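Visitor: Here are the chains, one letter per residue:
There are 4 protein chains.
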Amino acid sequence: MSDTLQRLAELIETRKLAQGGDPEKSYIARLFAKGDDAILKKIGEEATETVMAAKDARVDGNTAALVGECADLWFHTLVMLAQFNLTPQMVLDELARREGMSGIEEKAARKDVLRDKAEQSAKS
Amino acid sequence: MSDTLQRLAELIETRKLAQGGDPEKSYIARLFAKGDDAILKKIGEEATETVMAAKDARVDGNTAALVGECADLWFHTLVMLAQFNLTPQMVLDELARREGMSGIEEKAARKDVLRDKAEQSAKS
Amino acid sequence: MSDTLQRLAELIETRKLAQGGDPEKSYIARLFAKGDDAILKKIGEEATETVMAAKDARVDGNTAALVGECADLWFHTLVMLAQFNLTPQMVLDELARREGMSGIEEKAARKDVLRDKAEQSAKS
Amino acid sequence: MSDTLQRLAELIETRKLAQGGDPEKSYIARLFAKGDDAILKKIGEEATETVMAAKDARVDGNTAALVGECADLWFHTLVMLAQFNLTPQMVLDELARREGMSGIEEKAARKDVLRDKAEQSAKS
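Chains as they are written, first to last, in my numbering: chain A, 41 to 164; chain B, 41 to 164; chain C, 41 to 164; chain D, 41 to 164.
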């Protein structure tokens, strides 16, 4: 599909303080300087902004803003992965692994259907 | 890097009800059947679980769980994008566009540095 | 228990721009000047910070920080309620109403137990 | 204002497993049986649902749903406080303490104004 994630991950690596990243010049280096909580807080923030942009898109049709917020969310997950010395490839591998386990979606669905039947029976 | 995202997006498309997706058999079709809020709620949930897994990883070193939660978060953003007839490529294009705008990170950093100086001056 | 919530809600009302709230002098007036999304974004942020403080409290025993983050979260829900011309009393009334509906917790629990049995059966 | 929070906190205490709370009969006892992460996940979930209900309220005027989601959020923060052997009174005391520190809002506002000026200067 693209090696944008790979290139971004490499760029982010160069912003680590140990790699010479400069918090005065780089937003990413600045996040690394602040540490775990500042980065994780951004995950919560960007997830909330993505949800709000999606609600707005239903009203005003502005899907570009939703794409932008989703990009912000993915970007900050890349910074988080780097902070823990992980890579986007690991996440893609995990997604591919699940995709290959063909039974898993059906199993999840079956569980979900049973759950809904349980909810209906409990409500009655 | 990989076309996992592309393949996943195509799989998700086939689960739309209009494409014959069956909520009895597919977890994804089930999310589509429930609609926007059920999907967006998952974004908030998975973001929270990602943050918790990151906090845990600092204590117990279990980064595999963090990768798994991040995969869950990305997966549900793919479902959200499909729900709004958007694609992961659009998000990657937006990320690439920003990467190309070389000044943007420095500008963001400069703003951030000014902000911190403002905070220090306000605290004094 | 306390009328702290009531007094805070009254203070917050006075910060509305229509009541003479001044964004140059008041953080709350500033949130009102920014509008819905700025206030809602704070709900997402403070919820994430509460979750992180709780994870930290298990490691370092610092429950004072958790109380502080929970106070931040409640405070910003009060600002949100005011933004929608609602009051904390309405939320307390809703909580009291549920408390009075004695069957509701048992029903929720029964549903939950059935759901777990469904999950176990689906996993097997 | 009300002792609803106090009464709810007392009810929640009785649902702790050590107090005889029964996960088969009580939703709250069930959350306690699942532990920290299940409770914290609910904070993230209910915060997201509150944000979505607020966005909806601007479109359809359904503020009752927003009050309901806010009640859910507060309720689950009470369960979290109990899980950490904390009380809502501690949160209210913290809010009252801040209210008494009259300078704090003005300081926050001054910091915020400086930050916005910094942002404008960085954008220019």
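By construction, these hints were calculated from the structure, which means they are not laboratory data.
Computed from a predicted model, the values in this text were never measured in an experiment.
Please note that a few of the clues may not be correct.
One copy or any two copies: either way a pair holds, since identical chains are not told apart in the list.
No more than 30 Å apart at the CA atoms, straight line, and that leaves these computed lysine-lysine pairs for BS3-like [claimed, not checked]: (1) K81 with K65; (2) K81 with K56; (3) K74 with K56.
Visitor: Take the hints in turn and mark each one as holding or not.
Guide: Outcome of the hint check:
no.	hint	in the structure
1	K81 with K65	both (21 Å within a copy, 27 Å between copies)
2	K81 with K56	both (18 Å within a copy, 28 Å between copies)
3	K74 with K56	within (11 Å within a copy, 34 Å between copies)
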